[in-house]
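There are 2 protein chains.
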Amino acid sequence: MTVELISVGTEILLGNIVNTNAAYLAEQCAGLGLACYFQTVVGDNGERLAAVLKCACERSDIVILSGGLGPTEDDLTKEVAAEVCGRKLVKSDMWTERIREFFTARNTTPTENNWKQALVPEGALVLDNLNGTAPGMIIEQENVKVILLPGPPNELIPLFEKDVRPYLEKLTPGVIYSQTVKICGVGESMAETKVKDLIDAQTNPTLATYAKTGEVHIRVTASAESAKEAKKLTKPVVKELKARFGEDIYTTEEDVTLEKAVEELLRSNKLTLTCAESCTGGLLSARLVNVPGSSEVFRSGLVTYSNKAKRRLLGVKKSTLQKHGAVSSRTAEEMAKGAALLSKCDVTVAVTGIAGPDGGTKEKPVGLVYIACNVKGKVTVKEYHFSGNRAKVRESSVAAALTLMRSCILKYISDVTFG
Amino acid sequence: MTVELISVGTEILLGNIVNTNAAYLAEQCAGLGLACYFQTVVGDNGERLAAVLKCACERSDIVILSGGLGPTEDDLTKEVAAEVCGRKLVKSDMWTERIREFFTARNTTPTENNWKQALVPEGALVLDNLNGTAPGMIIEQENVKVILLPGPPNELIPLFEKDVRPYLEKLTPGVIYSQTVKICGVGESMAETKVKDLIDAQTNPTLATYAKTGEVHIRVTASAESAKEAKKLTKPVVKELKARFGEDIYTTEEDVTLEKAVEELLRSNKLTLTCAESCTGGLLSARLVNVPGSSEVFRSGLVTYSNKAKRRLLGVKKSTLQKHGAVSSRTAEEMAKGAALLSKCDVTVAVTGIAGPDGGTKEKPVGLVYIACNVKGKVTVKEYHFSGNRAKVRESSVAAALTLMRSCILKYISDVTFG
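Taken in sequence, the protein lines are chains X and G. Quick note on numbering: the first sequence equals residues 178 to 596 in this note's numbering. Quick note on numbering: the second sequence equals residues 178 to 596 in this note's numbering.
Keep in mind that the hints were calculated from the coordinates and are not lab data.
In silico SDA-like pairs for lysine to any residue, Cα to Cα no more than 25 Å straight-line: (1) G/Lys-322 / G/Gln-205; (2) G/Lys-389 / X/Gly-223; (3) G/Lys-371 / X/Glu-250; (4) G/Lys-514 / X/Leu-518; (5) X/Lys-373 / G/Leu-191; (6) G/Lys-447 / X/Asn-484; (7) G/Lys-437 / G/Lys-555; (8) X/Lys-569 / G/Thr-390; (9) G/Lys-437 / X/Pro-534; (10) G/Lys-373 / X/Arg-225; (11) G/Lys-231 / G/Leu-296; (12) G/Lys-559 / X/Thr-286; (13) G/Lys-416 / G/Asn-381; (14) G/Lys-389 / X/Thr-281; (15) G/Lys-521 / X/Ser-496; (16) X/Lys-265 / X/Arg-275; (17) X/Lys-569 / G/Thr-434; (18) G/Lys-416 / G/Glu-430; (19) X/Lys-539 / X/Glu-560; (20) X/Lys-339 / G/Lys-389; (21) X/Lys-588 / X/Gly-362; (22) X/Lys-322 / X/Glu-260; (23) X/Lys-485 / G/Ser-472; (24) G/Lys-553 / X/Arg-489; (25) G/Lys-521 / X/Gly-492; (26) X/Lys-555 / X/Glu-473; (27) X/Lys-569 / G/Glu-188; (28) X/Lys-521 / G/Thr-497; (29) G/Lys-373 / X/Thr-286; (30) X/Lys-495 / G/Pro-469.
Isolated chain X (complex conformation) (with noise of 0.2 Å):
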């Protein structure tokens, strides 16, 4: 079965942003067995994207369209799809219900455009947009299936998780099983090097490799006539990659997160944690927080960007500053330590680097970070050196500070349980 993506939006063709919808879409429909042969990025424009659609429709048998579902004048991804599907667009009661609560819960009135968001194409299904005023739809045609979803990717994700991944499950023969292996701590060409020879012999299951911050995930995918039968496939795989990587591996649940399972070990060892950033500037913390719960373990957070809070927050001395620099190993240490003072926690940690762009001299240069982690008194400190622009570093940054919390705790743990 094959689906087809297309992204409608005038910022992504004057390349304002970058497609990530599409390979978010892409990835999943991969995921599911579903070949993608065909991703197309047209303008807000009527006749346009009614040849891109028109075209798509003939040759794929899913397609899926991100964008242009929007009250303004520019949106017009539902009426060319109803026009191509030769539907009317009719008012949905459930979603008029939804506009006038979205508005209420505000205080606000629904301008005439808001109302514009109620019309969905006769017979379409209509898919509840918990995030956002347009609603995703799906129009079942003889011989394709529509799916229209909002731009935004903060509405697109969870929408196509709660609907439209379920919706797409039914409709592939057979069952894709998917289970991904998660690694921290390790480079991606490594772990590539590491698995090369599995990747090569692959059949089914598939293996493919995905990089991210910090991270490896390696996706174990099969197919078979039943769920059981495909993770049977899949459970040697995933076995061969536990014997291969180890500890590095710190999670094969799809919706456990790095931070995620750094909370966990915290839980079930009764920890508390602080964390103290210098150039991460709280997202860190940021990160441990949108875990739900975490604030049985996280206790609080502390943003020392300038020497001054270094000094008064955490208590680091004046001489270390002006000898060792803000950004040294000393500094993290001294971080790490007056955090645990001042919060009281099991576990503080301490990010303090030069993410740039400026900042950076020939013996600190820009993407040099220290992390220290104090586990009950137990200083950790570590350097790295990250390559990217800003935010990268400080992405970096944050999932390093969380691979090496994670590896201080299960130290302490063994240490505690072994003696």
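Given chain X, put chain G in place with the hints provided.
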């Protein structure tokens, strides 16, 4: 003049990589005044690639293909392009020499496959790729120019800048100039309603609205024979937008973000800032720190996710938490005041709310957020109702906090200036 982009690569179709080449090329082409109406991604499949290329050649003046120029069996972009354009492949003496040099410099011998890379469509312009073994190529047909570029960004980008941009500049007569008016604290539909007449009447310049979380950007784009003329055309429209949106416009500069605008306001008024965050968990600090040089004004951030941390670090009263709850106007106010006491900063902002998915009640539903801004002792607290998932509520809260800070600081300046 129109341009169309074709990205060739199975890794993009599978979602293994994000198509950053297309974003780069699209932005470059837009800057050159070329209208890009279509971008297509297709795999390493001769038949499908030929169909896509034929279609592109019929509807566009320039077609830029990227990827599929490597030495392997899979790579067949050049072969397909030659066939579609009715040209034979012939050996390029210049490129044969370059391949020899390339491998000599690396002390290795080219494989049979590498020599394939010396073949080019007859009559094509050969572009010297300094970073790889595939040359760029330009095939000039009667009605269309077909440009072939290697896929790796570190080959594509230098080659585009060195040879393709100058080539395209010669083809394009006019100049495109864009200016973006960035607005905060106004919804997209509201903004659109306010400029509907301008959008309806647009010719040159054109107007387009872009919704961002908590912001709306309006792009004004003009085309003319010279940059000066194009700028002149946008001027009255930008002026009109300024009149309609007034203080809600935080910038008209491309590279100024909302956080940067807030920081510039702080800096120019010699004010320092500390944030106290609960539900946003460090995201507000992270956005502020992301502005290079922010340590001058952004002093520290406190992530007080647990009630203990709110009390211990910020001195929020136990009775307040008991009587009003952690998510309340009163708690937000005490957090902002406590942050001022602790940090001695001029401006402190506090965010507390329910980001969900759990923790909501009938009285205090998910999405309820209180933000307090304290400017030298004068505290403003606002209540917000955001929709969406956890990430969306947090993102909206951060944008609202920046918007509130901005308006409180502007109010303070106006009070100081005019008594």
